[in-house]
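Q: What follows is the residue order along each chain.
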Amino acid sequence: MSVTNQNAPQDVNGLGPVPEERLRVRSSARPVWDEEPTAAGKGLKGLALVLICAAVVVPLYTVLLTSLSTQATITEAGGLVLVPGELTLEAYRQVLSGGVVTRAVLVSVGITAVGTAVSMVVSVLGAYGLSRPGSYGHRVVLFTLLITMFFGAGMIPTYLLVSNLGLIDSYWSLILPTAVSAFNVLLLRGFFTGIDASLIDSARIDGAGDWRILAQIVLPMSKAVTAVIALFYAVGYWNSFFQATLYINDATKQPLQVVLRSFVLQGVDVPGAVDVGSGQVASLAVQMAVAVIAIVPVLLVYPFVQKHFSSGVMIGAVKG
Amino acid sequence: MEQHTRPAPAPDREHRGGPARRSLLGTAVAGAALAALPGGLAACTSREAGAQQDDGPLTEAEFAAIMPTHQPLTLAEPDIPGVDGSTPGYTTLPAALVKAVDGVPGKGGTYTVMSPAWWTTPPGAEDNAYFQAVNEALGATLDFQIADGNTYADKLQAVLASPKDVPDWVVIPTWNIPPRFQQGVSALFTDLTDFIAGDEVLKYPNLANLPTDAWKYCTFNGRIYGLPYPGELIGNALFYRRDIFGQLGLAAPTSADELLQVAKDATDPAARRWGCEDIWDGAQLLFGCTDWMMQDGNLISRFESPRYREAIEFMRELFASGAVHPDAVAGNTQQAKDRFEAGQTVISADGLGGWHEALTRVLPSNPSFDQQPMDWFAPDGGAPTLYKGAPVNIFSFLKKTDDAAAVEEMLAIANYIASPFGSEEFQLVNYGVEGVTFERDAAGAPALNERGSTEVTSTYGFLVSPPIVNAKVQFPQYVRDFCDWMARQAPHVVEPVFYGQQIQDPSQFSSLGKPFDDLAKDIIRGRSDVSELDAAVKNWRSSGGDELRAYREKFLTGDEAAS
Amino acid sequence: MASGTRVERPGERAEQARPPRARRAPKTRTGHLARLRRDRSLLLMCLPMVVLLLVFAYVPIAGNVIAWQDYSPFTGIRASPFVGWYNFERVFTDPAFWAAVRNTLVITLFQLVFFFPIPIALALLLNSVLSSRVRVTVQSIVYLPHFFSWVLVVSIFQQILGGAGLLNRLLEAAGFSGVEIVTNPDTFLFLITSQAVWKDAGWGIIVFLAALAAVDPSLYEAAAMDGANRWRRMWHITLPALKPVIVLLLILRLGDALTVGFEQLILQRDAVGQGVAEVLDTFVYYRGVRNGDWSYAAAAGLVKGVVSLVLVLAANKVAHVFGEQGVYSKR
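As you go down the protein sequences, you meet chains W, X and V in turn. The numbering of the first sequence is this note's numbering, which starts it at 1 and goes up by one. The numbering of the second sequence is this note's numbering, which starts it at 1001 and goes up by one. The numbering of the third sequence is this note's numbering, which starts it at 2001 and goes up by one.
Bound-form chain W, shown alone (with noise of 0.2 angstroms):
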């Protein structure tokens, strides 16, 4: 199984190579025994890709654009910038400098990363744990996790459990009170359950306990969904800010949330006649460059969970 699981990462129609000489005449990703699409159509599509691209791209143009101009510059298009002036780096500067940023890096890239996989060894345990149809007590069990999404607890309560527990200033606060999510659990257990029954059954009958099933059947056909709910798990990991405000007092054990969330606040009102007095103000290119870095350790791990979204390898290869 592992073997063919790893093979025809190109193949994506799982129908082996293409002969060469049908690349010419038709697209060359088009398997035998499809029909080709009128011009139309084709043309429709085209347009409609384009036109969903450019909504997102001509935005995150000007983000990027006003992250990269200068003082005068956005003076001049007295918001985000559309038409490139004068371009410089200062924003970024400002915001790298000093070595804060670089140290809430390190932070969060580690609660993220241990926070991810405390999170998907529990959920995804709890899911095939919940997924397999008749099995005892999983009624109540996921009626104990259905409950976790709709009745939240409020700030006070959390924080005295936390602070209790022993958890103020140390990472682990904000691993554990979130390290599950029934939604996740209940969309990975939706995905485990979907999968053919026969494949378990079988298993079982070759003598397969529940834990070599999980290992060996489940998870290497789910690579896709649990690539997605790793993802989401990430996501939340490394987007959390409130949680850090409340339970981590030491400036130096911040994630990079709080941190570049502070170049923002530089523009908040305080009410009165408080002067802030801090040496540094902020500019709509410090905000945006802020945007900017936030999005660029996403930039860089999306690939790894797009690259099993090619459809069909996995069943294919199990079948095989």
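The set of hints was computed from the structure by calculation and includes no laboratory data. Check before you lean on any hint, since a few could be wrong.
With a straight-line Cα cutoff of 25 angstroms, these simulated BS3-like cross-link-like pairs (lysine-lysine) come out [claimed, not checked]: (1) K307(W) to K2243(V); (2) K1538(X) to K1554(X); (3) K2317(V) to K2243(V); (4) K1203(X) to K1164(X); (5) K1554(X) to K1388(X); (6) K45(W) to K2317(V); (7) K1099(X) to K1203(X); (8) K2243(V) to K223(W); (9) K1099(X) to K1472(X); (10) K45(W) to K307(W); (11) K1164(X) to K253(W); (12) K307(W) to K253(W).
Everything numeric in this text was worked out from a predicted model, so none of it was measured.
Got chain W; can you put chains X and V on it based on the hints?
A: Okay, now just chains X and V, sitting in the frame of chain W:
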């Protein structure tokens, strides 16, 4: 809820060297009891708590018994003296700085301090030359827990609900005072009265320099708990772009009608310029609204006042005229400063603290940028009615402790930090160390260098601050503009009804005003009619407004009722 | 590895020829014990999750008891007085609460129709693109706005559609009169929904792409051989493959019916007025949280939780009627 795990005794601070007045056992037991008992219970049994808040204001005699002696201290004569309580200004540094504090205030103690920040997270103490230098001068270690200013109110409520997590020294801005704070203050924080009442304060000359009004405002449950960061006589202004007004041939308005007119005249959407931002806060000041007012001998709330209605009507006309920037109409306040500084709008309402920040931000790229506050005027063009700002902007509190030596050490530290302008201490607290965190400009004025601009913050200053002066010597013209403006406004300042009283309304009334915020915005933007105010006022009165008024009337003193 | 999980499972899965879902365990006491023995590894797998939930979700959830108290953080739960159903009465007798519920439900319904299907359609569109380079490129662009804060998204929309924005400047330059979009309460639903679509639709497709990745391509081939055209293949193979996920997400979305973009709405509240922008969460925020009226906030939160739970269970029942598994299987 609080005790899922057995609460540990409050962490005992490391020994501070000074004579410990209480036995170690006593301190530990008190700490454990404090951690175990929910705050309110402790408050009920607290013997120190004097007059209860609900009994109304302290009498002058009661105040006299607890107020610190006021002993003004001026180390450097201001270049622009204060008039009628207006802010004095310094345009130059004094020739020589003096030492305001003898010896080292600290005794080697270490104290945790929780403080909000509206600036970039500074490097931690081990990489922070500023923290190191100030702590060394203090002879004690202030270990800062710097929290995001925007979510500080939340953090405070959580931490104060968990007494064992309360740091040794807590900064609480007046606008972040948690609801029902009066219930918690006596149990959580140290009563400072006996340390500073009367002539006791003379041990701390820089604290004795703080105005009595500020100390009165620091009084909770009849005792002094807070250390003040004093407020300014006037906190807000309507600002205009004098440079653009000049180009357009406009003059600063002197009546509500003129204000409307210049806003309209300055508006030219084709040139991407609009008259003003959403100046609703400024308009309420312009029309003389404040939370409670006396009218014909009766106490009325802002919402009942005809001035409030007039302010709304004025704003409605302003919005209808098209002079308000569309993004401001759309409620985008976070970019208001960007728009104003870019000249897309030319009138804006802001706190005075924003003025200097705007100059720092804009002058480097636009040297002709000229932001000025308008002289306040009455709507009809007559003399304005301005309400005196709260005497304190920010408090700090010491965690409840029986360790008198620790309290005295922290007060000595506060005394150091409160050193006024013209002292070496002021320079250290505000700029750090020359050559490390600041350099001198051509005129000899200190200016933060790159390192200083990431490390030097108002963190120490938030603990306690000398009486407000404007000492931005790097911007002498700004200091002159600021202080002259303030001096011109000062004669028109009156005290609002409950001036300087520390009053917390019962929490069931706390959301009564919210419907008015919404309704005012709806009326101003033309979504509702002005007549709907009547129904809202009626609803306000029946759903608690009248009860709130009755509660508030207990705090009226004789002369207010007469005015 | 579990050693005792061999063959002797009563009513076990594979021995019988009938489909596993129809399996039924004997409902006797010994059956309980036997099932417990049989499924102990499954229960063991659930254990870490259950422990985390009990400690970090249920313990603080118990703090909701303050809904029946006049709670003050300074007094603590133990000493705060109980006030019966007073806080719930305050919630239910306030017309503003019901107005907020109504606004919330209107927004939810609108977004169920105009937002929910969009990621599905996008995923299908992407799935139909043959060139993997185009597909990968589009995918890795459209999800990015998810990582922008609402503050940024709202101000981007203002810069484009606002009264001083790009659109109006173009219109005015062309001699037309401007259009009022961002401050118009009548079109507010469209505005917030398009913001939500812009921000999150690209991100939302990820789950569906994962579901599509599980489709066996040989099914398509077989269907094509049987003469099914592109649309029939989508109808008979792709959509059924997505259906369980769609149903699951739909049910969970219904459970969230009373939750709509808090930050997004607070930011635009002044622009259109609370008449349309006040939703349940903002209402509770202004009435409870911001004033430290924790008991009120807890009461409103409990009401919301009960309603959500009922909605999910009802939706799940409906799903069962249609032969879908939903969130929660029948047994």
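Q: Would you list, in rising numerical order, the hints stated earlier that this structure does not obey?
A: As far as the earlier hints go, 4, 6, 12 are violated by this structure, in ascending order.
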